[in-house]
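Engineer: As a plain string of letters, each chain reads:
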Amino acid sequence: MDKKEEKDRNIFERAEEFLQVFKKGAEFTQELLKTNEQLRYRILQLEEEGMSLKTNPVLPDKQYEELAKQIEALKEEREEITKRIKEIENENKDFAIRYVEVEEENNNLANLYIASYQLHSTLDFKEVLQIILEIIINLIGAEEFGIFLLDEKTHELKIMASEGIDETQVPSINMGVGTIGRVAKNGEPYFMEDMSDSSKTDWLNPMVAIPLKIKEHVIGVIVIYRLLQQKKNFTPLDHELFTLLAGHAATAIFSSKLYSESERKLSTIQGFIDLLTK
Amino acid sequence: MEEYKVLIVEDSPTMRQLIAFSLKRLKNIKIVEASDGVDGLKKLSQDAFQLIITDINMPVMDGLKLVSLIRKDAVYKTVPIFIITTEGGQEDRERAMALGANAYITKPISGPQVLEMVKSYLNIK
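Chain order of the listed sequences is A and B. One rule links them: number in this note's numbering = place in the first sequence (from 1) + 1. One rule links them: number in this note's numbering = place in the second sequence (from 1) + 1106.
Okay, chain A solo, but in the shape it has when bound (with noise of 0.2 Å):
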């Protein structure tokens, strides 16, 4: 009998701790379902706040005024700072275009310079054509060439100086005849159409004549029959080279020539004086 009525109670005891921990468990799981409705409602409450924020940032109207006015300035002088960047590498082109352009101008005034002072840096005749000579193949690119010079007694156009070509073979010219003739005649330069078409040299028709002029009376005639084969056409320098002979490369021969024959006049008469007076 006493063992039945201690299984009793410990049945009794046993029932009333599961008791107890079901009612803690219960509470448990309303303190759970509790705090996950306040995280939900948190949770919104954050989501409508995000939102809010996006549309009304919360901040002192005053400063978010400033703060927006700064953003503004900031923009306005990036704007600004990009435009000048622009203007300035636009700038940069032209002043790379303008560099080369001087560059070229510059080694255009060079050529002249030089060519000019060696025309005019002796008064021997012969030393005078070499230097027109080394010009014309040097600096404008000249293979088979010559000089004619007029001479004043028979009016014909006679060959002084050459390159590449065999003299002997160059005929002389009356004024008038042929191209060069008629550039001696007219004064006016002459340069062939189709430059390429250089395969027969043809001694009356040379594919540049250049006058040489002293002011407007011709003393001889430049007269290029091949160019170089590296050089296939003219250059705006080349032309400017041509003026400069058809002037300085007249004036120089012009004055050698002079101080030749009054050098030779001068020995001469030196030689009868000498006579004279022994």
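Hints may contain errors.
Cut-off 25 Å, straight-line C-alpha distance, at most; resulting in silico cross-link-like pairs (DMTMM-like, lysine to aspartate or glutamate) [unchecked claim]:
1) A:K258 / A:E164
2) B:K1133 / A:E106
3) B:K1130 / A:E104
4) A:K233 / B:D1198
5) B:K1133 / A:E104
6) B:K1130 / A:E135
Just so you know, the hints here were simulated from the structure itself, not pulled from any lab data.
Given chain A's structure and the hints, the job is docking chain B onto it.
Structural biologist: For chain B alone, coordinates are given in the frame of chain A:
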């Protein structure tokens, strides 16, 4: 500032003056001129040059002979040599390069082009 010495070997005074005129834009450069290959060799023995510019067609000794002799000299084995010539053929170019030239420029020359090449070979900025 380092000084560079350049030897110009050319029989035409006009060309010598033109090349010198272009190079004189470099402040630290000294130019020595020679009128042919033999004169060029004489000048080379008198001073140390960092660059040699030579023509091909010259009296007494031509530019190709000069290049071959320069390359036999231990002192000038690696010194840059520019050829400036009227000879525009491919064979002439190849011959000059085979003898030891570093650059082959045909006449008529452009001053700025020569200047840039010289600056490049001498590492002048």
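Engineer: It remains to establish, for every hint, whether it holds in the given structure.
Structural biologist: Structure-based check of each hint:
Using a Cα cut-off of 25 Å, the hinted pair K258 of chain A and E164 of chain A holds, with the two alpha carbons roughly 21 Å apart. Among the hinted pairs, K1133 of chain B with E106 of chain A is consistent with the structure: their alpha-carbon atoms are about 21 Å apart, no more than 25 Å. For the hint linking K1130 of chain B to E104 of chain A, the alpha-carbon distance of about 14 Å falls within 25 Å, and the restraint holds. The straight-line distance between the Cα atoms of K233 of chain A and D1198 of chain B is roughly 19 Å, inside the 25 Å bound, and the hint therefore holds.
Restraint check: the Cα-Cα separation between K1133 of chain B and E104 of chain A comes to about 17 Å, which is no more than 25 Å; the hinted pair holds. Straight-line distance between C-alpha atoms of K1130 of chain B and E135 of chain A comes to about 22 Å, which keeps the hinted pair within the 25 Å bound.
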